[in-house]
Amino acid sequence: MNNKLTGLTLVLTGLVLLMLSITLQSQTSIWVVLLGASIVLNISGASLLFKFLKESVKTTN
Numbered sequence: 106m107n108n109k110l111t112g113l114t115l116v117l118t119g120l121v122l123l124m125l126s127i128t129l130q131s132q133t134s135i136w137v138v139l140l141g142a143s144i145v146l147n148i149s150g151a152s153l154l155f156k157f158l159k160e161s162v163k164t165t166n
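Residue 106 is where the sequence shown starts when you use our numbering, and the numbers rise one by one after that.
Careful, some of the hints might be misleading.
Listed next, with one range per pair, are the computed distances between beta-carbon atoms [to be verified]:
(1) Gly141 x Leu113: 19 to 25 Å
(2) Gln130 x Leu158: 36 to 42 Å
(3) Ala142 x Leu110: 17 to 23 Å
(4) Ala142 x Thr165: 33 to 39 Å
(5) Lys156 x Gln130: 34 to 40 Å
(6) Leu123 x Lys163: 27 to 33 Å
(7) Val121 x Ser152: 14 to 20 Å
(8) Val137 x Ser161: 32 to 38 Å
As a list, the in silico SDA-like pairs of lysine to any residue whose alpha-carbon atoms are at most 20 Å apart [to be verified]:
(9) Lys109 x Ala151
(10) Lys159 x Ile148
(11) Lys159 x Leu115
(12) Lys109 x Phe157
(13) Lys109 x Lys156
(14) Lys109 x Leu153
(15) Lys159 x Thr111
(16) Lys159 x Leu110
(17) Lys156 x Asn107
(18) Lys109 x Glu160
(19) Lys109 x Leu158
(20) Lys109 x Leu146
Honestly, the hints are just simulated from the structure, not real lab data. Since this is a predicted model, take the numbers as computed values, not measurements. Backbone N, C-alpha and C fix where the C-beta goes; we use that ideal spot for every residue, glycine too.
Work out the full structure, taking the sequences as your base and the hints as a guide.
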């Protein structure tokens, strides 16, 4: 259950940062930081969600 909540939190935070980076007018260093953090959070959150799904499939079989 911990992987599920942590993964969802990371993915949702990554999406929020992605939306913030889209709303910025110019491509400054803040834009680069927001975009980089969004990519890292989305990838790590997705990997935790995949791990959770793999474990839940093992327990159901």
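Each hint tested on the structure:
1. Gly141 x Leu113: 19 to 25 Å: Once the Cβ atoms are compared, 21 Å apart, the range 19 to 25 Å for leucine 113 and glycine 141 holds.
2. Gln130 x Leu158: 36 to 42 Å: holds (39 Å)
3. Ala142 x Leu110: 17 to 23 Å: holds (20 Å)
4. Ala142 x Thr165: 33 to 39 Å: holds (34 Å)
5. Lys156 x Gln130: 34 to 40 Å: Holds: the Cβ-Cβ distance is about 38 Å, inside 34 to 40 Å.
6. Leu123 x Lys163: 27 to 33 Å: This hint holds: roughly 32 Å between Cβ atoms.
7. Val121 x Ser152: 14 to 20 Å: Hint holds: Cβ distance 19 Å, inside 14 to 20 Å.
8. Val137 x Ser161: 32 to 38 Å: holds (36 Å)
9. Lys109 x Ala151: holds (10 Å)
10. Lys159 x Ile148: holds (16 Å)
11. Lys159 x Leu115: holds (18 Å)
12. Lys109 x Phe157: holds (6 Å)
13. Lys109 x Lys156: Judged against 20 Å, a Cα distance of about 9 Å means the pair holds.
14. Lys109 x Leu153: holds (7 Å)
15. Lys159 x Thr111: holds (15 Å)
16. Lys159 x Leu110: Judged against 20 Å, a Cα distance of about 15 Å means the pair holds.
17. Lys156 x Asn107: holds (11 Å)
18. Lys109 x Glu160: Given pair lysine 109, glutamate 160 holds - Cα atoms ~11 Å apart, limit 20 Å.
19. Lys109 x Leu158: Since the Cα atoms of lysine 109 and leucine 158 sit roughly 8 Å apart, the hinted pair holds (cutoff 20 Å).
20. Lys109 x Leu146: holds (14 Å)
Every hint from the earlier list agrees with this structure, and none is contradicted.
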